[in-house]
Amino acid sequence: MQAIETVTVGSGGAASIEFMAVGDIPDTYTDLMILVSFRTTRAYVSDDIEIQINGSAANFSHRLLYGDNGSVGSQTNTYGQAALATGNSGTSNTFGNTEIYIPNYRSSVAKSYSAAGVSENNATNAGQHLTAGLWNVTDPITSITVLGKNGTLMQYSTATLYGILAGSDGTTTVT
Amino acid sequence: MAQTVYDPPVATYIPLQTITLASAASSVTFASIPQTYRDLVLVAVALGSTTLQGRVRLNSDSGSNYSSVRMSGNGSSPTSASLASQTSGSISTIATATTGGALQVELQIQDYSATDKHKSMLSRADQSATGAEAVAVRWASTSAVTSVQILTSTGNWAVGGTFSLYGIKA
Chain A
1 MQAIETVTVG
11 SGGAASIEFM
21 AVGDIPDTYT
31 DLMILVSFRT
41 TRAYVSDDIE
51 IQINGSAANF
61 SHRLLYGDNG
71 SVGSQTNTYG
81 QAALATGNSG
91 TSNTFGNTEI
101 YIPNYRSSVA
111 KSYSAAGVSE
121 NNATNAGQHL
131 TAGLWNVTDP
141 ITSITVLGKN
151 GTLMQYSTAT
161 LYGILAGSDG
171 TTTVT
Chain B
1001 MAQTVYDPPV
1011 ATYIPLQTIT
1021 LASAASSVTF
1031 ASIPQTYRDL
1041 VLVAVALGST
1051 TLQGRVRLNS
1061 DSGSNYSSVR
1071 MSGNGSSPTS
1081 ASLASQTSGS
1091 ISTIATATTG
1101 GALQVELQIQ
1111 DYSATDKHKS
1121 MLSRADQSAT
1131 GAEAVAVRWA
1141 STSAVTSVQI
1151 LTSTGNWAVG
1161 GTFSLYGIKA
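Just so you know, the sequences run in chain order A and B. When we follow the working numbering, the leftmost residue of the first sequence carries the number 1, and every step to the right adds one. When we follow the working numbering, the leftmost residue of the second sequence carries the number 1001, and every step to the right adds one.
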């Protein structure tokens, strides 16, 4: 696993973080992982994280399992949901943490992804999301944008893109 | 003043083997796993030839030595359940079929080479058409893990599925 790029939001905030804004994500890996530490301007404890791929917000679908302040639930929708950030009603200086995993990002089939994350709050109201997502496009992934669904990314929000290289194909043992 | 000096970053996600199915199979096996890492991570991206569930078996142990507890969401309702005395560990109860996005499983096997503890596993299973799931699995054995087998509950893993095993250095 190797770090490809880290982006940290400066003063004034940012609408999004785009990996490989210049050039493409290297095609030398098998899978991608993104680790996110986000706080957004949304006036709520939590905010959804959204991913967009190759500059597009279309062709996404997901199902998620969530826990939030004593309640649990499950939802489905049609955008690139990718777990949670802390919103601006969360305890000061706290940031939500999320891991996004995208296997076989160079393949010529639809791309599945998973995400798991939490919003942070020094009180009883915080959240956790597990997301099963799909980008139903067969193109290789060359760029990824990560943003808050309902708020602007605040200063010191950061995200790192990692590349993971799988081992060589070995002898298949099947039964 | 004392100063802590840290080692420079090194790669810790070491690729061991990938299996790509050229023909449908009810299981895939990673054998002769080296004992030189702290943990193992298995990443599977697969479709089933029918509705199926994913299971794991360690060291070919088919005794009633596996237990698990899971939480799942199918897009409308959450569920949770536990299983005990199973002959393999449940890592995904999310049904997968030949169409739609692949079933994606990330399975972590902690401290796999230890001989003084039962083995704990954490599974994240996701398919956008069926749901998201997290499972904690225990293998009631103190043996070091030397092989990992990923099985289906019924039917086969379909052609083209990939299964990658990584060693994690502490």
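Quick caveat, the hints were computed from the structure, so don't treat them as lab data. It is possible that some hints are incorrect.
Okay, the calculated bits of chain A under chain B, using three or more residues with CB under 8 Å as the criterion [to be verified]: (1) 7-19; (2) 37-45; (3) 52-65; (4) 97-108.
Here are a few chain B residues that face chain A, going by a calculated C-beta distance under 7 Å [as the list claims (entries may be wrong)]: (5) Leu1016; (6) Gln1017; (7) Val1043; (8) Gly1075; (9) Ala1081; (10) Ser1082; (11) Ala1102.
Quick reminder that beta carbons are idealized off the backbone N, C-alpha and C, glycines included.
These are the hints, each one checked on the structure:
Check on the region 7-19 of chain A: 0 of its residues sit with their Cβ under 8 Å from a Cβ of chain B, so the three-residue criterion for coverage is violated. Counting residues of the region 37-45 of chain A whose CB lies closer than 8 Å to any CB of chain B gives 0, so the stated coverage by that chain is violated, three being the minimum. Proximity of the region 52-65 of chain A to chain B, defined as three or more residues with a beta carbon under 8 Å from a beta carbon of that chain, is established by the 5 residues found. Residue count for the region 97-108 of chain A with a Cβ under 8 Å from a Cβ of chain B: 3. That meets the three needed, and the coverage hint holds.
Hint status for Leu1016 of chain B relative to chain A: holds, with the closest Cβ pair at about 5 Å, below 7 Å. Because the beta carbon of Gln1017 of chain B sits about 4 Å from the nearest beta carbon in chain A, less than 7 Å, this interface hint is met. The criterion of a C-beta within 7 Å of any C-beta in chain A is met by Val1043 of chain B, whose closest approach is roughly 6 Å, and the hint holds. A distance limit of 7 Å between C-beta atoms decides the matter here; for Gly1075 of chain B the minimum to chain A is near 3 Å, and the interface restraint holds.
Nearest Cβ of chain A to the Cβ of Ala1081 of chain B: about 14 Å, over the 7 Å cut. The hint is violated. With a least beta-carbon distance of about 16 Å to chain A, the hint placing Ser1082 of chain B at the interface is violated under the 7 Å criterion. For Ala1102 of chain B, the shortest C-beta to C-beta distance to chain A is roughly 5 Å, which falls under 7 Å, so the interface hint holds.
Figure legend: structure checked against the earlier numbered hints; hints not met, in rising order: 1, 2, 9 and 10.
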